[in-house]
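Model the full assembly from the supplied sequences, consistent with the hints where possible.
Same order as they appear, the protein sequences are chains A and B. Residues 1185 to 1297 in the working numbering are what the first sequence spells out, letter by letter. Residues 1109 to 1218 in the working numbering are what the second sequence spells out, letter by letter.
Take the hints with a grain of salt, since some may be wrong.
[As the list claims (entries may be wrong)] Below, in silico cross-link-like pairs of lysine-lysine (DSBU-like), each with a Cα-Cα straight-line distance of 30 Å or less:
#1 B:Lys1177 - A:Lys1236
#2 B:Lys1160 - B:Lys1177
#3 B:Lys1111 - A:Lys1214
#4 A:Lys1214 - B:Lys1160
[To be verified] Restraint ranges, calculated between C-beta atoms of paired labels, are given here:
#5 B:Leu1159 - A:Asn1243: 20 to 30 Å
#6 B:Ala1210 - A:Gly1268: 10 to 20 Å
#7 B:Ala1121 - A:Lys1236: 41 to 51 Å
#8 A:Gln1225 - B:Thr1187: 36 to 46 Å
#9 B:Lys1217 - A:Glu1237: 39 to 49 Å
Hints were generated in silico from the structure; no laboratory data involved. Using N, Cα and C, we set each Cβ at its ideal position, and we do this for glycine too.
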Amino acid sequence: DAGVTQSPTHLIKTRGQQVTLRCSPISGHKSVSWYQQVLGQGPQFIFQYYEKEERGRGNFPDRFSARQFPNYSSELNVNALLLGDSALYLCASSLRHQNTPLHFGNGTRLTVT
Amino acid sequence: DAKTTQPPSMDCAEGRAANLPCNHSTISGNEYVYWYRQIHSQGPQYIIHGLKNNETNEMASLIITEDRKSSTLILPHATLRDTAVYYCIEGRYNNNDMRFGAGTRLTVKP
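Here you go:
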């Protein structure tokens, strides 16, 4: 079975631009979570969606938004990019929205110049 | 913020058991302990999780103390491919927003 897939794998944007990252969960998984990982640190929670509804939000500014589609895939949008948004963006899926392991994709490496 | 405490780094000889400790003294009675690892430039990989009892799967064993304030992940026969950052996480009961700390960087040496 295919794991979590993310696209694109790498992306370069300039300050002030907007970016959309995409994620397809493991088949049968209804929950998708997004994480940001800055170099040298552990992943930081951004959002969790379950059955197309937001179930959790981390400490990120409103420039970050996400949505989940009827097929459970998800998009993460970041507006007005800052240099500090340069990071590895990870998507994870799980069967349910609680008490179940997360299964991560290999991420999208975003570089903001 | 992460609520677990792990040593920043550990070494292990190839073929020997790697024992990675974690303190999670604030864990609630219905929260699981999860372990993940991250090999360079890949996403974190789920290893194992447990609530009260010890757990074992094809990758590792998880030993949880009776008071649930700490646990140990055991890789029984470490290989060079087990070199990674290992994260111990207190799972939250109401949702899956896992809070990662800095983890333990395990280096398996020949």
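Could you check the hint for me, namely that Gln1225 (chain A) and Thr1187 (chain B) are 36 to 46 Å apart, CB to CB?
violated, 26 Å
Within 30 Å, alpha carbon to alpha carbon, are Lys1177 (chain B) and Lys1236 (chain A)?
violated, 35 Å
Could you check the hint for me, namely that Leu1159 (chain B) and Asn1243 (chain A) are 20 to 30 Å apart, CB to CB?
holds, 28 Å
Does the beta carbon distance between Lys1217 (chain B) and Glu1237 (chain A) stay inside 39 to 49 Å, or does it fall outside?
At roughly 47 Å between Cβ atoms, Glu1237 (chain A) and Lys1217 (chain B) fall inside 39 to 49 Å, so the hint holds.
Could you say whether the range 10 to 20 Å given as a hint is met by the Cβ separation of Ala1210 (chain B) and Gly1268 (chain A)?
holds, 19 Å
Do the alpha carbons of Lys1111 (chain B) and Lys1214 (chain A) lie within 30 Å of each other, as the hint requires?
Answer holds: Lys1111 (chain B) to Lys1214 (chain A) is near 27 Å, not above 30 Å.
Would you check the hint for Lys1214 (chain A) and Lys1160 (chain B), treating anything up to 30 Å between C-alpha atoms as holding?
holds, 27 Å
Quick check: does the Cβ-Cβ distance between Ala1121 (chain B) and Lys1236 (chain A) fall within 41 to 51 Å?
Check passed, 49 Å falls within 41 to 51 Å.
Does the alpha-carbon distance linking Lys1160 (chain B) and Lys1177 (chain B) stay inside the 30 Å limit?
Distance ~10 Å between Lys1160 (chain B) and Lys1177 (chain B) Cα, so the pair holds.
Violated hints for the displayed structure, listed by number in ascending order: 1 and 8.
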